[in-house]
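**Q** Now for the letters of each chain:
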Amino acid sequence: MATDTTNTIEIAKLTREDFVSDQMVKWCPGCGDHAILSSFLKVLPELGVKKEDVVVVSGIGCSSRFPYYVKSYGFHGIHGRAAPLATGIKITNPKLNVWMITGDGDSLAIGGNHFIHVLRRNIDINIMLFNNRIYGLTKGQYSPTTPTGKITKTSPQGTFEHPFSVGELAIGAQGTFFARAVDTNPKMMQAVMTEAGKHKGTSLIEILQNCVIFYNKVHNDITSRETKEDNQLHLKHGEPMIFGKEMNKGIVFRGTKLEVVKIGENGITEKDILVHDEKQWETGIHVLLANMSPPEFPAALGVIRSVSDFTYETKMEEVIEAEKKTSPIKTMDDLLNSGKTWDI
Amino acid sequence: MTTKQQKVVELENVVVRFAGDSGDGMQLTGALFSDAAAIAGNDFATFPDYPSEIRAPQGTVSGVSGFQIHFGHKEIFTSGDLADVLVAMNPAPLKKNLIWVKEGGTIIVDTDTFTDKSLIKAGYEINPLDDKSLNDYNVIKAPISSLTKTSVEDMGLDNKIVMKSRNMFALGIMFFIFNRKLETADEYFEQKFAKNPLVVESNKKILRAGFNFAETIEALNSITYKVEPAALEKGKYRNITGNTATAWGLLAAAEKSGRKLFLGSYPITPATEILQELSKQKSLDAKVLQAEDEIAGIVSSIGASFAGAFAVTSTSGPGLSLKSEAIGLAVMTELPIVIVDVQRAGPSTGLPTKSEQSDLMQALYGRNGEAPAVVIAASSSSNCFYYAFEAAKIALEHMTPVILLTDGYLANGSEVFKIPKMASMPSINPPLAEANDPDYFPYKRDPEKLNRSWAVPGTPGLRHRIGGLEKENIYGNVSHDPENHQLMCELRAEKVNRVADYIKPLEVRGDDSGDLLIASWGGTYGVMIEAYKEMQEQGKKVSLAHFHNIHPLPRNTEEVFSRFKKIIVPELNLGQFVQHLRMNFQEFRFEQYNKIQGLPFMVKELVNKFNQILEEE
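If you read the sequences in order, they're chains P and H. Under the working numbering, the letters of the first sequence match residues 1 to 344, in that order. Under the working numbering, the letters of the second sequence match residues 1001 to 1617, in that order.
The shape of chain P in the complex, shown without the other chains (with noise of 0.2 Å):
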């Protein structure tokens, strides 16, 4: 094996040809997969990891064919088994880079009890959940974020399912990091996958992606051009969360919820705005701003949830090290020869 002296070096003169795969991408033209993969294909170089290290595992969906689309390590696992085939992974070497590409079928619906326990656990992986509200790959079933009432194949009178709130869920299962981007935001996706690549920890991205064959245009309240700077808030750490074509809307705590006002009109200024704190510890504001989504407020994206924890595989680690130190048992043979014995 490769000793690490040169690591650094190596590191430097990583770029996007680095990871492109000679795999021909097959999702449909205009789906929102190709945009995504771009900014993970620029967002990888500048890392800090040797390319050997980065490993890229999913499950099952139209977002698993990922691994395919680029050139490191990569797992196309079965359904909904993305979260322990890269626990695994993780554990067994900590020194691995290790992204998993899921959908909501595969990671809120099959793969929900996996989803909620490598959050808990938080093991340091990054999850990329591609969230169209729609199930692709076996042509238009609604999904667990399938907003209640909509039509589908399977729900011809439209659902009368309670859709999964992605970022409620996953601080509810005590996940450290949760993001949002939107597929349409290049820059934002760039800068999500940057912090959730940083982050130590089991970080998760929620990227309202568009399925231009079976729910085009599912997040257009928010990402089309003519109402995208009123239904999106941009959030920022230690920054009033101001949103807004003119920038002069916000969002302020009353009661016990939240409630979009404008600066200026009655009394409020900015210093009555919400300051963004990503890295508070308690829940409850992180899952309000992660529930919030039009008409009644801007949905927001970037850092939303952003606190350090130990992780599953450092104790995993410390445990393992403080045992060998203490245990009598060094080899095999000591721990045949171990407890009670007799000879003959």
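Keeping only pairs whose Cα atoms sit at most 25 Å apart, straight-line, the calculated SDA-like set for lysine to any residue is:
id	chain 1	residue 1	chain 2	residue 2
1	P	Lys-26	H	Tyr-1475
2	P	Lys-95	H	Ala-1433
3	H	Lys-1234	P	Asp-343
4	H	Lys-1282	P	Phe-310
5	H	Lys-1418	P	Trp-342
6	H	Lys-1181	P	Thr-341
7	H	Lys-1444	H	Gly-1476
8	H	Lys-1282	P	Glu-317
9	P	Lys-340	H	Asn-1013
10	P	Lys-51	H	Gly-1461
11	H	Lys-1256	P	Ser-338
12	P	Lys-315	P	Gly-48
13	P	Lys-340	H	Glu-1233
14	H	Lys-1260	P	Val-49
15	P	Lys-51	H	Tyr-1475
16	P	Lys-26	H	His-1485
17	H	Lys-1418	P	Asn-337
18	P	Lys-95	H	Glu-1434
19	H	Lys-1280	P	Glu-317
20	P	Lys-340	H	Glu-1273
21	P	Lys-95	H	Gly-1258
22	H	Lys-1280	P	Glu-321
23	P	Lys-95	H	Ala-1435
24	P	Lys-330	H	Lys-1282
25	P	Lys-340	H	Ile-1419
26	P	Lys-324	H	Gly-1258
27	P	Lys-340	H	Pro-1420
28	H	Lys-1192	P	Asp-334
29	H	Lys-1074	P	Thr-341
30	H	Lys-1181	H	Leu-1011
31	H	Lys-1256	P	Ser-327
32	P	Lys-324	H	Ala-1423
33	P	Lys-324	H	Lys-1280
Hint data in this document are derived by calculation from the structure and do not stem from the laboratory.
Put chain H on the given structure of chain P with help from the hints.
**A** Leaving out everything else, chain H in the frame of chain P:
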């Protein structure tokens, strides 16, 4: 001090069963009695029999916990059919276990517990100590509870604590009858209760009270028994359960292969002890993930395998069902992984604490598509160590999932185990790809074994993608090409078939040819040997071929079968291995003998069946 005429009778082998409420400490009593047998140099095998409820209602038949030990001067293969001695701590265990006592056997009961109330709870209408129902047995009526109390009444201990040590009074009786040294139990008390000298003292006293009681009442007409040391090979020995042996075999393989062990597993009876045991061995670099479910257990292991660990998942039948799809993923990605299935009685939740051999077909075929995996089966509690090691060696060297079948009996039973030296264990050489190898392709194969090589993330120059979609031969890109799919299916099957070139040939115990061949497999080994020996003693031309390699089968199987007039396949299911053999060897006629009661075979019933087959035209 009075000296009594003591007659010591030598016995070849003895079966003892301790039975009480699940809180009566029968497992501990059994374990201490086993330790004494070990110190005396006997060979032995044990089996615990506990209810699936943790603490079922006290005094009821469903709450009875038992522990059986078979020890002897001769080689011991099973925990025994029927007991020579039953210790029943109250009426319910007597009610439940009487059918497991040999005619004329000895029964030790705590008479204090045979009250009207507890007799009703146990389902007795008449006190069995008063009617004639126990006339065929040698009943030792011991007021265990009251004598336990009396023996330590000067110590001022809480009555509840004292009553917890009733089992030690019973143990004392047994120590007297079998001429055991009291010191072996003393050692345990001193270690276990080091912080509480009073409890050490009271246990010692109660143990001795039981011992002296047996002597005083001339328990068995002044006869005591001695079982001479067994003629075991020279060496260092220990007692080991099947689950511990499995865990240690896996750890041994990790050390030999130089790959760190990763276990992803979810607790399930009767496999949980493997997860618990490996969790303890972190100083040997074992990384253990208690997963959120069975699926995460195996899938995390597949991830670990991809990342270069020796990956294992452990489970029982229902868990194996949940892991099916993921085993297919391991087949497709051709990654090494060992799946341990500690079989229990099914289907569905079935009888979780009872043993069966009914997961064989699931292990062989329970997956979508053509998904061949190697299947091997351990056959004794102690050889779980060696078969776990073999499973690992095959997985790691042939780049394939291997399913190791054990069962509840092997897992919870314990046996005398000769401690091996790691230096004498075979080497394990996984086919790791070399960094920057310009000729590396993900699905390029070793020409002999047909395995692909193992390129571990973090290695420069070997980046590649794998997954559940069909792969192009050699290059490993996703391929929907029809011819390629057929080729890959054939290659994966042939890779597994070729494992047969690396396993031991089928061994025949007894003559090379004869009238009847017993073709058995897995956990029934011990009882098959005893039945085979019995047949030999009756002068019958019977031999035994016990299978450990289920898929692929040993290369010489057909040749062995051809030398016998009749073949019988006894197994604890409705005939799964026999179907497997029929499919593979259509030229032979296979008789079958099946038992599916959650209970092991008994020597007697096997011998009867074998004789019946021999007599048939």
